[in-house]
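Number of protein chains: 2
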Amino acid sequence: MTPEEFRRAGHQLIDWIADYRNNLEQRPVRAQIEPGEIRRALPRTPPESPAGAEQLLAELEQVLVPGITQVQHPMHFGWFPSNASLASTLGDIASSGLGCLGISWESCPALTELEEVVCDWLRQLTGLSQNWEGCIQDTASTSCLTALLIARERASDYSESRGGLQAEDKPLIVYTTEEAHSSVIKAALLAGFGRDNLRLVAMDGASRAMSATALARQIEADIAAGSLPCAIVALTGSTGVVAFDPIDQITAIAARHAIWVHVDAAMAGSAMLLPEYRHLWEGVEAADSIAWNPHKWMGTILDCSLFYLRDVQHLVRVMSTNPSYLRSNVDHEVRQYRDWGIPLGRRFRALKIWYHLGIDGIDAIRARLRRDLDNAQWFAQRVSASENWQVLAPVNLQTVCIRHQPDGFEGESLDRHTLAWVNAINQSGAAFMSPAQLDGRWMARVSIGVEATTRAHLEKLWQLIQLHANEVTGESKLPSNS
Amino acid sequence: MTPEEFRRAGHQLIDWIADYRNNLEQRPVRAQIEPGEIRRALPRTPPESPAGAEQLLAELEQVLVPGITQVQHPMHFGWFPSNASLASTLGDIASSGLGCLGISWESCPALTELEEVVCDWLRQLTGLSQNWEGCIQDTASTSCLTALLIARERASDYSESRGGLQAEDKPLIVYTTEEAHSSVIKAALLAGFGRDNLRLVAMDGASRAMSATALARQIEADIAAGSLPCAIVALTGSTGVVAFDPIDQITAIAARHAIWVHVDAAMAGSAMLLPEYRHLWEGVEAADSIAWNPHKWMGTILDCSLFYLRDVQHLVRVMSTNPSYLRSNVDHEVRQYRDWGIPLGRRFRALKIWYHLGIDGIDAIRARLRRDLDNAQWFAQRVSASENWQVLAPVNLQTVCIRHQPDGFEGESLDRHTLAWVNAINQSGAAFMSPAQLDGRWMARVSIGVEATTRAHLEKLWQLIQLHANEVTGESKLPSNS
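Those protein sequence lines, which keep their order, are chains Z and E. Here the first sequence stands for residues 1 to 482, numbered as in the numbering used here. Here the second sequence stands for residues 1001 to 1482, numbered as in the numbering used here.
Please keep in mind that the hints were generated in silico from the structure rather than gathered at the bench. Careful: at least some of the hints might be erroneous.
[As the list claims (entries may be wrong)] Distance condition first, Cα-Cα at most 20 angstroms in a straight line; then the derived EDC-like pairs of lysine to aspartate or glutamate:
1. Z:170 <-> E:1196
2. Z:460 <-> Z:374
3. E:1170 <-> Z:374
4. E:1170 <-> Z:196
Work out the full structure: start from the sequences and follow the hints.
Shown next as structure tokens:
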């Protein structure tokens, strides 16, 4: 494809994207297709001759788009927001267009230095001190794995240079709670700690925050048993109910035993752009690493996960490589981001943050976050004020966990009821939210925060929810034919 | 930013990208800037008010672009080719524009199913049997780490569910050669094996291919010493001199001891699009996993690394998670790519392969690869036919490793000479190649394969090389003043 052909096709694609984003609300929220439907609509063998950009765009529209769950849709309340602001999308397009290669400072100085700059901007905007340095990872999963690898190596006095983890004589222990995201458990297992050495510390009642007392007790018990406490993954906004672990108490305990503290703020990091919410991670300055994802609520397009460290030394010691073919004369003066994570090659991801802040501006971003927080409070009040409806956990940010419990429903029947009305809404395409379990029982997680979601959409959602829940209640009270 | 504002800014950006790619050849190949220059040109504090897309584009052009080493430039011969074909760039832009979220099949069925389809297309195009299934990773570094994690868990009977690697009683051993990419060593260390348990197997003379005899002997010795051979990372096109390990012999040895064989074909996988080159990985059907990067020579824009497995079961067992908030009713019928690697969230990367094959077409891609292979042979012949010039390793594909050794230069003085003429060319901005070490001595790696590189560019390169090498020879023969 020549630059002139690219120009023509690019203009067409830009128009298509603008129209697509403009008309998103007319599409169903959850993809209305069957498993395998898209795969079957595509040829099984690779195209033998070129098709042209126009035909591909037509297929994109006809075959692929119906298979997209519209997470930018204002009636999307599932998982966590995954905003792809158009300002950051523009930056992502610039990154693609430039076709850079980030394998060393020399391979693209601009890529490295803009990443340094924007990571520092976001440090300032979230109120972290100058003691932190950051980089961009693909996801918080990778950041958490990376943090645990550093913790493992620090605790074992860098066993990677000797017999590795397998030669350690004391078991290294990792602490977190049941509220931890699945990627935290996965990271601990991938890092080789083993499930037996992963402690799910007790939580304090309805807050579902880690109990500092239970943590201290568990650490003492592990030390007494001859183990070595290695890392704590503390949650600033968990996935289930957006719980906040007491970072100040946790870091104080960790300091006594030189335990690495990684703060998983994947979702709630965005809230730290608002000074009035920073009390939620009080004590964070004493942690060792933090991950948060502008690609969630803040709205920088996926993938963009920030990873900050107070002492980068540990990270670089574990991750660095220095093969002859990657050396240059200025290596001692520059940052090599290849030593800050697992992959060698990186895209120019800083551009999307730069565009996002540069075009939308931080004030507008903050105003939108505050709008979502208000909407969550409004919605939670509607739910709690209604008969048979409950809000199940404190609404710390923008996620509201709810359940409808009419008379006679409990245990299994309550679970069936919850899943029935949530699935009915999700299947309808009118709105989407995630069913999730709390203490083994299903609930609905209404995660508010899509860029396009206004109060009117929440009013509509609340009507939809009541309608479907009542309809399903009626149905399940009919005599069963099965 | 509204869709209409995006439309206007998008058109402007597309025009800018088309012009940029069109005029790339007029820019210096290596960025002509000092460390810190770009960082200092950018504000230290985040922008307080929006700037607008037009101003950002002006800054992109004035501040950032001078800091880009132009790997799409036809005079770029460094590292390995990192082609960002405009056809695949278009697919990448579509991916950005759609703003999808790939955390489960349900979150974007099209993302999952197109990835299944294009990975299978590339399987067919590289002549692999139906026994392989694939997915897209960010880089071969991540694929290799993933492969070693699977190997570790399989060999330890899935110790992650018990005491982890740290509870294993026998040391698990990993085998590769000195030619292995730095990411292979890094992966072994991150996976917790430890450097003591990493064997760099002897190579067969000038081919720098792993010696099967040495491998078999080493494995026997390790078993005799009470260790457990776990994984072999075999190289199909190494980074240094593009060496090819004997995959058939290696897999035969591995089979006798149930050792996992990961084939690192990051660069040379593209050559397997050409049936006449597939003898170079003969025996690959008996390997366990393969990584190769369309984002290198083939030209699908970064990041796009294919990872194939013969028995996906092992991968899924190590990587899978199933939290309540990610479940859906059709989970048993669909593929969950989150269980195929480390990150949870993924971009819609399959689109760039789809666009690349759909617009450029496989015939044109193959023709270009053959052109580069011819150019490498032509260039190698020019070098070997010239006095004092040597081609240092077999030119198996498109990389030519060369050295200029005038009378009186050897050892340290030869190293200084090599670095002097290579650096002079790199600094001039007229062309770029990577100095690298071979058996501890510097050489120049001329890696041919940028989409825009024609025979004329190689003629120019050969003139430049001779000019600079001769100039430097003259200088270093002058009496020294220091």
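Each hint, compared with the structure:
1. Proximity of residue 170 (chain Z) to residue 1196 (chain E) is assessed by CA-CA distance (about 19 angstroms); at most 20 angstroms being required, the pair is judged to hold.
2. For the hint pairing residue 460 (chain Z) with residue 374 (chain Z), the CA-to-CA distance comes to about 16 angstroms; that is within 20 angstroms, so the pair holds.
3. Between residue 1170 (chain E) and residue 374 (chain Z) the CA atoms are separated by roughly 57 angstroms; this puts the pair beyond 20 angstroms, and the hint is violated.
4. Restraint check: the Cα-Cα separation between residue 1170 (chain E) and residue 196 (chain Z) comes to about 19 angstroms, which is no more than 20 angstroms; the hinted pair holds.
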